[in-house]
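Novice: Each chain is listed here by its residues.
Number of protein chains: 4
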Amino acid sequence: MIHLESDYNNGAHETVLNHFWETNNERTQSYGDDRFSNQARNLIREACGAPDAQIWFLAGGTQTNATIIDSVLQPYEGVLCPDTAHINVHESGAVEFTGHKVIALPSHDGKLAVEDLQTWCQNYFADETAEHMVRPGMVYITFPTELGTLYTADELRALQEVCRSYHLLLYVDGARLAYGLAASQDVTLPLLAQLADIFYIGGTKCGALCGEAVVFPKGDAPTHMLSRIKQHGALLAKSRVVGVQFEALFTPVNASGSEKPLYLAIGQNAVTLAMRLRRLFVEKLGYQPFIDSPTNQQFYILPNDRMKQLQQVIGFEKWCPVDENHTACRFVTSWATTEFEIEEMEKLLLSL
Amino acid sequence: MIHLESDYNNGAHETVLNHFWETNNERTQSYGDDRFSNQARNLIREACGAPDAQIWFLAGGTQTNATIIDSVLQPYEGVLCPDTAHINVHESGAVEFTGHKVIALPSHDGKLAVEDLQTWCQNYFADETAEHMVRPGMVYITFPTELGTLYTADELRALQEVCRSYHLLLYVDGARLAYGLAASQDVTLPLLAQLADIFYIGGTKCGALCGEAVVFPKGDAPTHMLSRIKQHGALLAKSRVVGVQFEALFTPVNASGSEKPLYLAIGQNAVTLAMRLRRLFVEKLGYQPFIDSPTNQQFYILPNDRMKQLQQVIGFEKWCPVDENHTACRFVTSWATTEFEIEEMEKLLLSL
Amino acid sequence: MIHLESDYNNGAHETVLNHFWETNNERTQSYGDDRFSNQARNLIREACGAPDAQIWFLAGGTQTNATIIDSVLQPYEGVLCPDTAHINVHESGAVEFTGHKVIALPSHDGKLAVEDLQTWCQNYFADETAEHMVRPGMVYITFPTELGTLYTADELRALQEVCRSYHLLLYVDGARLAYGLAASQDVTLPLLAQLADIFYIGGTKCGALCGEAVVFPKGDAPTHMLSRIKQHGALLAKSRVVGVQFEALFTPVNASGSEKPLYLAIGQNAVTLAMRLRRLFVEKLGYQPFIDSPTNQQFYILPNDRMKQLQQVIGFEKWCPVDENHTACRFVTSWATTEFEIEEMEKLLLSL
Amino acid sequence: MIHLESDYNNGAHETVLNHFWETNNERTQSYGDDRFSNQARNLIREACGAPDAQIWFLAGGTQTNATIIDSVLQPYEGVLCPDTAHINVHESGAVEFTGHKVIALPSHDGKLAVEDLQTWCQNYFADETAEHMVRPGMVYITFPTELGTLYTADELRALQEVCRSYHLLLYVDGARLAYGLAASQDVTLPLLAQLADIFYIGGTKCGALCGEAVVFPKGDAPTHMLSRIKQHGALLAKSRVVGVQFEALFTPVNASGSEKPLYLAIGQNAVTLAMRLRRLFVEKLGYQPFIDSPTNQQFYILPNDRMKQLQQVIGFEKWCPVDENHTACRFVTSWATTEFEIEEMEKLLLSL
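So the protein lines, in turn, are chains G, F, V and Y. Counting the first sequence from 1 gives a position; this note's numbering is that position plus 41. Counting the second sequence from 1 gives a position; this note's numbering is that position plus 41. Counting the third sequence from 1 gives a position; this note's numbering is that position plus 41. Counting the fourth sequence from 1 gives a position; this note's numbering is that position plus 41.
None of these hints come from the bench; they were simulated from the model. It is possible that part of the hints are untrue.
Derived coverage of chain V by chain Y (criterion: at least 3 residues anywhere in the stretch with Cβ under 8 Å from a Cβ of chain Y; other residues may be distant) [stated by the list, open to error]:
no.: 1; region: 63-69
no.: 2; region: 272-278
no.: 3; region: 313-321
Short, incomplete list of chain Y residues facing chain G, as computed with Cβ under 10 Å [what the hints assert, rightly or not]:
no.: 4; residue: Arg76
no.: 5; residue: Asp111
no.: 6; residue: Gln115
no.: 7; residue: Gly140
no.: 8; residue: Gln163
no.: 9; residue: Phe166
no.: 10; residue: Glu172
no.: 11; residue: Val175
no.: 12; residue: Arg176
To give a feel for the contact side, a few chain F residues facing chain G, derived at Cβ under 10 Å [stated by the list, open to error]:
no.: 13; residue: Asp75
no.: 14; residue: Gly356
no.: 15; residue: Phe357
no.: 16; residue: Lys359
no.: 17; residue: Pro362
Just so it is clear, CB atoms sit at the ideal spot from N, CA and C, and this is done for glycine as well.
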């Protein structure tokens, strides 16, 4: 069986596991103030070119979104996002559970269009009954999106500009950031740190067992973040469990001749194999992409009988029906996917 | 430096780390339905003698308390506990943050007295204005308590009886359960599973990197627990991170001639060393215990100048001032504490 | 100045004020158990043909929606509604503030289409990731809608059927119920009590100073409603303030030759005058309706210069721009609007 | 039957009802911006000597406490109060329902001792684990207290001083403020406006049908209060319902030869009759006071058989058992209590 059902069906990158061993006998402070977390913070600040960044390590993505969004918004504020956004669809209402409305705007291939945002804001702030409506406090986007697509640097800049003019925070959910950065033509960690007010660097889907790193690049997080995080049940007593992993992931390694954090290197692997998958599906097999994704999530439209046949030998996800006889299916590579697996898959598919 | 400041200043038990390696190349389901979590559930059911038990794995203690208490209580219900209870003092108000009052009763060496509970309930249910007060829905206790003390089996039975007669759930926070079970004369996992409606088996402080196992021994958890847990930000996508650890911790090992789960064996180590610490402090050095604790948390009253001297070479926690010249100090052993450390400490203290 | 800006720009119906006088010297129980509230409950049960109905009196509409929706939903459930619904647009996010997602479906002239509801439910319950999404628990509609339109009895029956088949509660917000019942061809209080699981009879906009009556026609409200209501800050100590008003509003009066509750009689007045307004705007002045409303809220498209002229002498609300030169405007009659006012308005408009 | 069971068993003061009639035909703005509310604000500002005061009108006491406390506290902050405080005992947990811990300190005849507050704060801010505990943000007291007692001006000053030094807001719940001001030797509205950061002037128990006036005497309320209030379900659409009443209550009347707001005059009536009640119980009948209250709530210890006898003819409240044969009982006068009632009571009690 070849497993392409998700990018969290795996364990942790070897370097990460190794680092647990290397550090296991040390005794440390707790609640975020351990040596490994502090060292990981320094490595992330450096990779982001953001020396003043404040960084917190949380255990998972939904937790991170709910905790951060609730912490930075005023109680009467809501969060704007494209309607396909993870917080709007697949977090069991965790953001609303903290009391904030998720205000969904139309999405375009999973992305928020700057024009839609601009128009919505214009209307809201011109409305005489605005105080009776939920005030926007933040724009939430994902990079890459839930459909694997990417914002260009220019698109991010345009969104940031609208945010600035309406005093909205720009928050980027980077659950799959490693894959987004590897695939993007022009978005880098330092650029993200410049354009976003807050973002998180996803670990769970990108080489770690668990853990996400929340970055306030300008160092302007709300006061008493430790209490706020604990109140949301998101403070790890033995915080080194995430610190050790991010220290490993952000230690530079030699990759294709240059030094870069392991995190960026393993993102590249997944994207390279995803592109090979794309060639297989589109060029060799002639399937139609459901969406044109440059990252590790690939979506193709399969005839239903072929889909059923494939399900016997490949793990993947049915995304949504396209018509009576066709279904869009999602194939996901990750840092753990091997060339061997993709080769096997090629053989398998070409032989059907 | 000898580190006795807490039981979460360490890494993970070797067997746990090893199990990460052994399982790292497997691909699994997610969100709690992975093979390792399921196997860990079976091992825990067996150790508890509770074949119908429902079990969820969460990342940390405060998260577990807030998520579970909020999930089982009705919105208008509160939780009764002794006033020293962790949820009442040291969780940044996480339970109240979910909307429920923590109703604190007097504590006796960290324990809730059955008489106090009985009287409070009697008064509440006799009060004509009861509907204007917070209705009790649950009793929360810790085993061992925040002061290291233990309830006897009879005390637990008496508490359970009062709970039954007033339709209150009995919830036992077992953040340090391994140490409590190792030290108790008569409380075992199967007994706990019989007396408590809900309890959690602490991993973070007892051999794991992170993770707690919530047990509903009778299998009567509220519906849609997965959604509830996710809504509280407590659902791990890559759930194996806790499953693998609890599989390792609940696999039986040979300890002092008999088979028992590793979890219970490593609890014993901490307690044995804690008792050796007690002999050192009380018998050899003549210090007064601040509280008489049979478990891994030990509290002694030190003269302030001696305390300051010790702080140079031993990591421990100032608990509270006793008088102008004396301070109660907490020394904590854990699964990770070694005989060597305690021996060094003996030498050190006897030489002062 | 003629005031048609809203139906809550007025005081209370004379009979209501009189009843305050008549009852002022009596001493009563409190917190909902006063003689006037109990008598009002009986009158409402009779008017609804629902002898088992449970009824609570709250102070205002947003309060009622948030309190009731939060009380009957499970924490992980959301509420479905058309996107123009009051709870989705104009309640400052009060429902989300209690932790529940408002799931907006397309609206058609302010109404929810049964087909849209059916399709959404079908998709939700077929989705394999449903547990990660917000589960629907209730359908919220308004009668009349925010645009003055009405559901027919058949439309309500069809919605109820879908609700039943997916175990959703059907909740009807009747902030302007008096006007809806007066204008409807086939929806009556007893029919509403049969089809809705919960509804509220609006007082604030229909003759009272304040107050709404929440009806659970089948008598199946959640337990401990008094505590729940108080917890939401919605329990009036001197509950007679609403009880006295609803007693007055539901005491039968002789209207057009037959006996009916005052509440229904005063709704008729507003609708009659609204229809006269319609003839004036459409037939006599040739303006286009923005929406075809049979109730007390009337919407017409006015040229902007004419709109500005009217604003000098008539109080009304700009609803939304239609094109560069035209604006949809809302004119609202109420129980307090007089024939004289409408006559003056006719003269005024015909003379322009 | 003579009714002394509470101060909300009545209707409204005649002047209040009259003012509803006088104003009934006017059309007004809504949501707090009506002419009557604005005029009432001016009258209150004048009575408080606080020209910059911001004032909001809400419907009831619990609603006011929950809305205001939640609006001014940070999410991680709690509210300190004496353990007998209304928010701690009799609001169905409404404050915790908004997410904040109520931190109860010992009470002394219903009052918070400045020493207790000082010590608690000192300990909290010296605690190294403070970030894991609920941070105090406010001190809540009632004037008069739930036991009818009063703080002296000096006591209020001392509390304010501690609040200032620890950056805590001082909030005074004035549900029965009219009676407190009438009975106090040295506390006046202007003094309260000087010492408290926030207070509310109770209407429900002091002459109105419903309604409380929240005062931020320094004009430093949080931004977007209208949205915050609406979000808590506490914004009245037809806001004049409270505005009209407070306009009536704060219009100066001639009382004992000088001009003062009706509100203060009617408080005097209740206190005068309460003192007459005290003479009856203590001097003439020889009963022991349960607490020495100078205000409209009077508490006496009655033999149980006498209590049962009285219950046939007088409405009053059993407060709590004192011993096997005696019960503390509460007798409450109000603005509505008449001399005739107290005379009848005297006859009745002296004849037993």
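Novice: Looking back at the numbered hints, which does the structure fail to meet, lowest number first?
Specialist: Numbers 3, 4, 8, 9, 15, 16 and 17, in rising order.
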